[in-house]
Amino acid sequence: MQTQTYELNMGPQHPSTHGVLRIILELDGEVVVKATPVIGYLHRGIEKICEGKTYGQTIPFTDRMDYMHSMNNNLGLCQAVEKLMGLEVPERAEYIRVIMAELSRIASHMIYAGALVNDLGGVTGFVFLIRDRERILELFNKACGARMTFNYIRIGGVQQDVPEGWVEECRRFVDDFPEMMHTYNGLIMGNEIFQARMKDIAILPPDRAVAMAASGGVLRASGVNYDVRKDDPYGIYDRFDFDVPLGTKGDNWDRFIVRMQEMEQSIRIIDQALKQMPEGPVMAKVPKVIKPPVGEVYHHVENSKGDLGYYVVSDGGMKPYRWHARRPAMVNLQLLDELCRGYKIADVVAILGTLDPVLGEVDC
Amino acid sequence: MQGKGLLTGMGITFREFFRKKVTEEYPDVQPDLGDRFRGGKIHLVASKCIACGLCQNACPNGSVRLTTVKDANNKRQLATYVHDTGLCLYCNLCIEACPTKCIEWTKEFALSSYSRDGLVFDCLEAARQRGDVKPPEAPQPDGEKG
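Chains as they are written, first to last, in UniProt numbering: chain A, 1 to 364; chain B, 1 to 146.
Hints were generated in silico from the structure; no laboratory data involved. One should not assume that every hint holds.
Stated by the list, open to error - With a Cα cut of at most 20 angstroms, we get these calculated PhoX-like pairs of lysine-lysine:
1. Lys-142(A) <-> Lys-107(B)
2. Lys-101(B) <-> Lys-288(A)
3. Lys-319(A) <-> Lys-53(A)
4. Lys-4(B) <-> Lys-199(A)
Please construct the entire structure, taking both the sequences and the accompanying hints into account.
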């Protein structure tokens with residue numbers, strides 16, 4: 001019998017595409033022959049916008065790239081500009097930055113795990129993760145007055161010191177985290193249906209992961225030990241003792257479990273940072289008008305999605321001459337076609353979920 | 001044993017059933033958003049404003065727009081002050097830029113409108129309605145300065 005493939009349009013309004021991603025699926029029955037991601041629905045031209053703003057004014061725009069892990073986006077840009085200016089950041093500000101970035105990473109991974117579980121039909125798991133993420137957002141709200149788009153980390157330090165009682169509340173979250181993890185372990189990781197949907201699906205060999213420039217959890221799930229926090233330490237990350245969780249196979253399950261273990265490591269970092277955090281100022285002496293010397297800088301940080309890099313060129317003026325972000329979600333998303341081929345249409349949702357794209361960052 | 005994980009999960013769900021509720025009965029109970037919350041529109045204290053325009057310059061998105069006029073003493077006074085919340089990023093840069101600390105957030109969060117025009121607020125007019133106006137200064141007579 002002669003059959004032919006057909007095309008199916010998934011998104012951009014599909015609930016499992018995590019935003020406005022459109023995927024054109026070429027299917028043979030229910031087996032995927034080709035998956036083409038169509039991006040650009042959320043493109044705002046942030047890079048071009050930022051060329052018309054002062055350095056300080058570009059920080060709120062980074063919040064709107066990866067809105068799940070905004071603190072790290074702020075951090076990457078600020079450290080890039082500080083590198084260009086040769087600015088020293090006060091100790092306390094460095095510790096607050098690390099705590100905020102790691103809390104933000106946990107919040108991002110909670111959304112990642114929750115959305116993935118939800119996509120596979122486990123709504124209860126989603127609700128539990130979102131409930132616990134709320135405590136992190138509440139901490140952010142108390143510190144800077146915003147829950148998602150912070151503009152908290154600034155060039156030279158942080159916007160303001162954390163309020164009274166904040167550290168104790170953060171400590172309570174750190175202490176409660178093992179119990180939360182226990183809940184997720186029992187409810188999500190132990191679930192046989194979830195395991196059957198995840199294990200041995202969409203295996204990404206380490207050489208392909210490196211060849212496609214994947215980073216973050218996607219790369220580490222394939223067993224490649226690369227974490228910017230360890231391999232090119234920025235800020236004060238060299239002072240903390242933490243492990244980089246690695247996968248063995250590179251399948252969906254590894255990509256999921258690596259991130260769950262990363263949350264535990266982030267808690268370890270926060271725990272150490274809270275213990276070591278000194279008193280003192282939170283802002284360096286920064287001129288009112290920031291004019292970095294002529295030159296260019298590239299600085300990268302470990303985002304929850306992967307290796308987030310900023311390339312800033314200064315012509316000596318108030319505004320950057322060129323402002324570019326290397327967005328890990330965008331790069332990781334290019335693996336979608338390769339991973340989906342040969343698997344069933346229902347696996348596309350799981351594979352997309354484990355790649356963890358945030359469309360604000362993909363389109364930028 | 002196949003199905004053990006499912007039973008464990010159901011046990012956890014059952015245990016969570018008796019936990020303290022975390023949901024708030026909005027809108028009957030309004031959430032406490034803290035004193036640093038950024039939201040709503042700009043609350044302008046017109047009597048403290050020196051019409052320097054720093055907030056307008058600090059805004060990354062052109063959401064704060066003001067115009068000034070010179071008064072009888074050749075001093076700048078506010079003529080209009082508009083906050084376009086539809087463009088606002090709530091980044092706090094305007095509030096931090098203000099040298100006299102005469103602007104702050106109104107902190108409401110349910111600003112929705114049927115049109116974009118409904119998101120543009122005249123902060124100066126709101127200040128006038130509150131009775132917050134700059135006391136008129138007596139013009140200084142010429143030639144007797146200093």
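Outcome of the hint check:
Between Lys-142(A) and Lys-107(B) the CA atoms are separated by roughly 14 angstroms; this keeps the pair inside 20 angstroms, and the hint holds. Between Lys-101(B) and Lys-288(A) the alpha-carbon distance is near 17 angstroms, which keeps this suggested pair within the 20 angstroms criterion. Distance restraint check for Lys-319(A) and Lys-53(A): the Cα-Cα separation of roughly 6 angstroms lies within the 20 angstroms cut-off, and the hinted pair is therefore satisfied. Between the alpha carbons of Lys-4(B) and Lys-199(A) the distance comes to roughly 18 angstroms, so the proposed pair stays at or under 20 angstroms and holds.
Violated hints: none; the structure is consistent with every hint.
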